[in-house]
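Protein chains in written order, with full-length UniProt numbering: chain A, 1 to 534; chain B, 1 to 143.
Hints are not guaranteed to be accurate.
Said to hold, decoys possible - Only pairs whose alpha carbons sit at most 16 Å apart, straight line, appear in this in silico EDC-like list of lysine to aspartate or glutamate:
#1 Lys509/A to Glu472/A
#2 Lys51/B to Asp38/B
#3 Lys13/B to Glu514/A
#4 Lys123/A to Asp158/A
#5 Lys60/B to Glu293/A
#6 Lys485/A to Glu122/B
#7 Lys402/A to Glu373/A
#8 Lys485/A to Asp78/B
#9 Lys485/A to Glu118/B
#10 Lys60/B to Glu476/A
#11 Lys526/A to Glu373/A
It is worth saying that the hints were derived from the structure and are not from the lab.
Values in this document were obtained by computation on a predicted structure and should not be read as measured data.
The lines below spell out each chain.
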Amino acid sequence: MLKRSVGAAGCPAVTGERYRIMSCTGKVALAIRVVPRKILSVPWWMEIFLFTVTSFSRTCFELGPSGQLGWYRGIVSPSLHRDGDFLFKVSVHTIMGVEYMTSYWDAHHETMSRDQLAEIQTKRLKTLVERVYTSVPFYRQAFQEKGITPGDIKSLEDLKSLPFTTKKDLRDTYPFGLFAVPRSEIVRMHASSGTTGKPIVVGYTKKDLDTWSDLVARCFSMAGGTKEDVVQNAYGYGLFTGGLGIHYGAERLGATIVPISGGNTARQIMLMQDFQTSILTCTPSYALYLADEIHAAGVDLGTLHLKVGIFGAEPWSNNMRRQLEEKLGIRAHDIYGLSEVLGPGVAMECPCQNGLHVFEDHFIPEIIDPVTEQPLPYGEKGELVFTTLTKEGFPVIRYRTKDISTLYPEVCECGRTHLRMERITGRTDDMLIIRGVNVFPSQIESVLLEFGETEPHYLLVVDRKASLDDLEIQVELSANMFSDKIAGLEVLERRLRERILSVLGISAKIKLVEPKSLPRSEGKAKRVIDRREL
Amino acid sequence: MRVQQISIFLENKKGRLAKVTEVLGENQINIRALSIADTTDFGILRLIVNKPQLAYQVLKEAGFTVSTTDVIAVEVTDQPGGLSNILRHLDKVGINIEYLYAFVTQTTSAALIVFRVEQVDEAIKVLQGNSIRIVPGDEVYQI
Numbered sequence: 001m002l003k004r005s006v007g008a009a010g011c012p013a014v015t016g017e018r019y020r021i022m023s024c025t026g027k028v029a030l031a032i033r034v035v036p037r038k039i040l041s042v043p044w045w046m047e048i049f050l051f052t053v054t055s056f057s058r059t060c061f062e063l064g065p066s067g068q069l070g071w072y073r074g075i076v077s078p079s080l081h082r083d084g085d086f087l088f089k090v091s092v093h094t095i096m097g098v099e100y101m102t103s104y105w106d107a108h109h110e111t112m113s114r115d116q117l118a119e120i121q122t123k124r125l126k127t128l129v130e131r132v133y134t135s136v137p138f139y140r141q142a143f144q145e146k147g148i149t150p151g152d153i154k155s156l157e158d159l160k161s162l163p164f165t166t167k168k169d170l171r172d173t174y175p176f177g178l179f180a181v182p183r184s185e186i187v188r189m190h191a192s193s194g195t196t197g198k199p200i201v202v203g204y205t206k207k208d209l210d211t212w213s214d215l216v217a218r219c220f221s222m223a224g225g226t227k228e229d230v231v232q233n234a235y236g237y238g239l240f241t242g243g244l245g246i247h248y249g250a251e252r253l254g255a256t257i258v259p260i261s262g263g264n265t266a267r268q269i270m271l272m273q274d275f276q277t278s279i280l281t282c283t284p285s286y287a288l289y290l291a292d293e294i295h296a297a298g299v300d301l302g303t304l305h306l307k308v309g310i311f312g313a314e315p316w317s318n319n320m321r322r323q324l325e326e327k328l329g330i331r332a333h334d335i336y337g338l339s340e341v342l343g344p345g346v347a348m349e350c351p352c353q354n355g356l357h358v359f360e361d362h363f364i365p366e367i368i369d370p371v372t373e374q375p376l377p378y379g380e381k382g383e384l385v386f387t388t389l390t391k392e393g394f395p396v397i398r399y400r401t402k403d404i405s406t407l408y409p410e411v412c413e414c415g416r417t418h419l420r421m422e423r424i425t426g427r428t429d430d431m432l433i434i435r436g437v438n439v440f441p442s443q444i445e446s447v448l449l450e451f452g453e454t455e456p457h458y459l460l461v462v463d464r465k466a467s468l469d470d471l472e473i474q475v476e477l478s479a480n481m482f483s484d485k486i487a488g489l490e491v492l493e494r495r496l497r498e499r500i501l502s503v504l505g506i507s508a509k510i511k512l513v514e515p516k517s518l519p520r521s522e523g524k525a526k527r528v529i530d531r532r533e534l
Numbered sequence: 001m002r003v004q005q006i007s008i009f010l011e012n013k014k015g016r017l018a019k020v021t022e023v024l025g026e027n028q029i030n031i032r033a034l035s036i037a038d039t040t041d042f043g044i045l046r047l048i049v050n051k052p053q054l055a056y057q058v059l060k061e062a063g064f065t066v067s068t069t070d071v072i073a074v075e076v077t078d079q080p081g082g083l084s085n086i087l088r089h090l091d092k093v094g095i096n097i098e099y100l101y102a103f104v105t106q107t108t109s110a111a112l113i114v115f116r117v118e119q120v121d122e123a124i125k126v127l128q129g130n131s132i133r134i135v136p137g138d139e140v141y142q143i
């Protein structure tokens, strides 16, 4: 049993079965998280309106467990029960439980049987192969080199014989070499930033944009979004697919979209309050930054209407999710997508938070061994590969994403039949090989977050000294882990070092740095500096 | 009887100490005493200032990791064995000193010793019981 004291103003969240509120004067904002056991159960949220107070003193109430599951936020005010017991009346403005009533945007496709799905996929795959063979010289040549003609693709199993497409292929054919329709049919283009050379350009037909909006609306709906919601979209607008992809999906859903784009944190917080934003969409690192700024600004969480966050475009961990959920009083969902395949809306996490459903009626996912390129069975970790089934403008065949994940076939509790992919745990090219050990920044992040007292702002600096790899982890020291004794800080460093050693199997130097001294991004987080010259 | 000390986490990096003093100067905060404890990578700057609460607030706002700690200031006569006399009393009752530093004042010939112990109240009682003058916070801030 865990007890945690909570201040009256803007308390973050309490976990466990009993809650102590440090002030009983006036109204107290309360956020409670209880881990869900059964997701799609009855509307039990009605029950949480009253808490029995098991003991009462001048400065604190101790509340008995509500016995209910889910996230609750609301204003609590004490009142006297007729039996002399104190009760808390909770006027709830957000009951996170309601969001568990996940709704299907496209019930037919989201819940169809695996057989039906395979049938659709086979049909669409055949059409796709036929189409790229006739209209994209690159694919025709690649198929011919392997001695394949469209007629050879008869079942989903035959997908394995098709060649892979890589990022390099996309660069080599820059700008329009892989477009499968005449340029005049393309109504929008998106592109990568091109920091490592020529950008990647992708094109969408009118129908592609329609499909995309629909899939993003599916994502919102999965996270509990409805037309009643106000969506604050803090993904960057522009060539990056995140901003516009989310934008049109939210419009399709019928929600109210606030196209604020990234940055300008003070305005983000102001509009969040004034417009009563209920869904926040941005990168998880920016969400964390926003959460910190919200707390720094002394904003009472009870005055916000946030209930759901849809975060993506960079890998994040479950620990980071917990932090975001506690700091913002929301339920945080992972959304996955990449421009080469579509943009956001390729896969989405349902309220079970147990992997992301890949929209298999539009994409075929595979997991391969990044070195041998052999497909791996379900449950094994490897590189994600996608084939698009319905895209017209820019279809891809077995595109190697460089993202590391695992696929799980079991039907989800939410009722969706689509495969679940594990949240991205790293990138094949982010993967650091340090002294022969594969290290993903996300692993280090989870270690840092385990400490609880550590803000998850860190930077990995890899260097090679006297032909030995050297890993330094720079960690920002937050106020709650600060000790005014050298020994206290040295103990902290040692504990971090020991934990890293046991998790990764390699030793690292821990360097504590001042808050806000590591580079912050309002887009993707910079986590690694590799100074090795190999 | 306690004196509020401000502790600041500093990386061993150029200009960090200057930044702290700049923030304090801008807010008309006067430093009474300071000490730095450091390792190769970081240091802890400990300050006695005339306005500790304001100092804590402005440093925090400037983005520093800062905390306040209660320490004890005692007057030590300027003669051999002066400090030893004080430490002896604390040692006798098993109070361990985490760290200490000294400074002289303009007004008296005595030195002031600032020290940090876990058992602040107990230490105060012991020292007072042995007629050692403890300089209260308000007085230290105004030196």
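Original post:
Is lysine 485/A close enough to glutamate 122/B, meaning Cα to Cα at most 16 Å?
Top reply: Distance of about 20 Å is beyond 16 Å: violated.
Original post:
Are lysine 485/A and glutamate 118/B close enough, with their CA atoms no more than 16 Å apart?
Top reply: Roughly 11 Å between the alpha carbons, so the hint for lysine 485/A and glutamate 118/B holds.
Original post:
Regarding the pair lysine 60/B and glutamate 476/A, is the alpha-carbon distance no greater than 16 Å?
Top reply: holds (15 Å)
Original post:
Is it true that the CA of lysine 485/A sits at most 16 Å from the CA of aspartate 78/B?
Top reply: violated (28 Å)
Subject >> Given pair status - glutamate 373/A, lysine 526/A, alpha carbons within 16 Å >> reply: violated (29 Å)
Subject >> Distance restraint between lysine 402/A and glutamate 373/A, which requires alpha-carbon spacing of 16 Å or less >> reply: Status holds; Cα separation ~12 Å.
Original post:
Would the pair lysine 509/A and glutamate 472/A pass a check requiring their Cα atoms to be no farther apart than 16 Å?
Top reply: holds (5 Å)
**OP:** Compare the distance between the alpha carbons of lysine 51/B and aspartate 38/B with 16 Å, and conclude whether the hinted pair is satisfied.
**Re:** At roughly 25 Å apart (the allowed maximum being 16 Å), aspartate 38/B and lysine 51/B break the hint.
Subject >> Restraint check for lysine 13/B with glutamate 514/A, where alpha carbons must lie at most 16 Å apart >> reply: This hinted pair holds, its Cα atoms lying about 10 Å apart.
Original post:
Is lysine 123/A close enough to aspartate 158/A, meaning Cα to Cα at most 16 Å?
Top reply: Distance of about 13 Å is within 16 Å: holds.
**OP:** Compare the distance between the alpha carbons of lysine 60/B and glutamate 293/A with 16 Å, and conclude whether the hinted pair is satisfied.
**Re:** holds (14 Å)
Violation of the numbered hints given earlier is confined to hints 2, 6, 8, 11; the remaining hints are satisfied by the structure.
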